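**Q** Here's the letter readout for the chains.
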Amino acid sequence: MNGFFHIPSAIQNSYGSLIVLHLEEALLPVLAGLLLALPIGLLCVHYDWLYAPVLWTSTVLYAIPSIAFFVVLIDYTGLSRLTVMIPLCLYSLVVLVPAVVDGVRSVPEETNAAASAMGIGLVRRYFQVQLPIAVPAILAGLRVAVASSISLVSVGALIGNQGAFGNLLTYAQLYRLPRLAVTSVVTTAVLAIVIDALLVLLRRVLTPWQPPSGRAAAGRSGATSGDSPARTAEGAS
Amino acid sequence: MNVLNFMQSFFNDGSHWHGYDGIPQRVWEHLQYTAGALGIAAAIGLPVGLVTGHTGRGGDVLAFLSAGARALPTFGLLVLMFVWLGLGIVPVMIPLVVLAIPPILITTYEAIRTVDPSPVDAARGMGMPEARILFQVEVPAALPLILSGLRSATIQIVSTATIAAYVSLGGVGRYILDGLYQHNYEKVAGGAALTALLALLVLVLFWAVGRVAVSPGVRRRRAA
Chain A
1 MNGFFHIPSA IQNSYGSLIV LHLEEALLPV LAGLLLALPI GLLCVHYDWL
51 YAPVLWTSTV LYAIPSIAFF VVLIDYTGLS RLTVMIPLCL YSLVVLVPAV
101 VDGVRSVPEE TNAAASAMGI GLVRRYFQVQ LPIAVPAILA GLRVAVASSI
151 SLVSVGALIG NQGAFGNLLT YAQLYRLPRL AVTSVVTTAV LAIVIDALLV
201 LLRRVLTPWQ PPSGRAAAGR SGATSGDSPA RTAEGAS
Chain B
1001 MNVLNFMQSF FNDGSHWHGY DGIPQRVWEH LQYTAGALGI AAAIGLPVGL
1051 VTGHTGRGGD VLAFLSAGAR ALPTFGLLVL MFVWLGLGIV PVMIPLVVLA
1101 IPPILITTYE AIRTVDPSPV DAARGMGMPE ARILFQVEVP AALPLILSGL
1151 RSATIQIVST ATIAAYVSLG GVGRYILDGL YQHNYEKVAG GAALTALLAL
1201 LVLVLFWAVG RVAVSPGVRR RRAA
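In order, the protein sequences belong to chains A and B.
Residues in the first sequence are numbered consecutively from 1, following this note's numbering.
Residues in the second sequence are numbered consecutively from 1001, following this note's numbering.
The hints are simulated quantities; they were obtained by calculation from the structure and are not laboratory data.
A quick note: this is a predicted structure, and the numbers were derived from the prediction, not measured.
Cβ atoms here follow ideal geometry from the backbone N, Cα and C, with glycine treated the same way.
Take every hint as true, because none was put in to throw you off.
If you only want the chain A side, here are some residues facing chain B, beta carbon under 10 Å, derived:
no., residue
1, I64
2, A68
3, V72
4, G166
5, L168
6, T170
7, V182
Label-pair restraints from in silico Cβ distances:
no., chain 1, residue 1, chain 2, residue 2, range
8, A, P8, B, D1116, 57 to 65 Å
9, B, V1218, A, F4, 48 to 56 Å
10, B, P1024, A, R176, 31 to 39 Å
11, A, T77, B, V1090, 30 to 38 Å
12, A, F4, B, W1017, 47 to 55 Å
Hey, can you work out the whole structure from these sequences and the hints?
**A** Here it is, written out as structure tokens:
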């Protein structure tokens, strides 16, 4: 571990500021993705026919490699962090929209009926009744989206040092210094695990009615659909 | 200029269609990487998922392992393996397999575990041995979900195998990276379009496999 935290000056950042940079580049897009996924989810739940085309579009978007996305976006947004963050936001949508829709669809019909009977409107019902019940499924999707986002930021290194810890990988090859690659991989993995643990904690705070292990509840619709964004395309078609 | 124009001029250029750097050759390489990584990942993920799903034990361990595998950065792993192991196919296969195992493993486990228990109990009551229960009752019923896990793993591999070009291997990613370094956006857009086409091909392929392999009864019930 000798020199694990030593970063070459060419990176222009210290270890600590790389962490901040990496988390910003990874988490802001997922946050934006979540804010977009909620209204899209509402539309998909309300208009059933919308869900299948949305899923197919997002599956194809997901298949476009991140590096190609970055390069095409350079024309519009330049060599900036935005170029990295826009594709990451789109990728997170692919995971989050099915998670939101599946979660909301699994809300018991009686609950919806009760809310309607109390005179709660469609949009208010979505945000105040259905979404809180769907939290385990949404957070399962959020975990997958965050993990892949943290991993993908590194690819930004290819378009001129926009990859935070990924930038170390370029220099690992340039200077023949494997330890830089080790630092990059280990730190990125630890960041992903720490954030994942925080999300698990967040789920427990948001769903106090669930048993602490939470597997039975979160596992059913959430974990699988989150793992396989393309899966629900089949169910819907 | 927009992206569609780039794609059009890429595919219209005759020199992209033959030879060492031709589209058929690159696509063939890409398919080889994909098939190799998928084969290895399935050989690990499917048996483990089937057995743990059947016994219903080890779910927490699997969730933990797949969260760990997801945490490993694919691109970082590729460069690390390349720096350690040198030029070759192994540094490319390792990150792709690590990427593909979690969706296969978790989906298979969930698929088998959530099979309707009454036919399973009926089979057991009729004296079926456990192995036959797994392969003749549980797997056919869980097949649509298992296939969807394999499908999303395949799509992720197809998309990610483009990074093989970064460590001097072939595949469709060659166009994307060469285009990046040569400031030739035609190539980048063309490479991206080829990757998306391959992914669509995967979707069609899995749809066809599902039509053939999934029993009509299971399909009807899912549709209902």
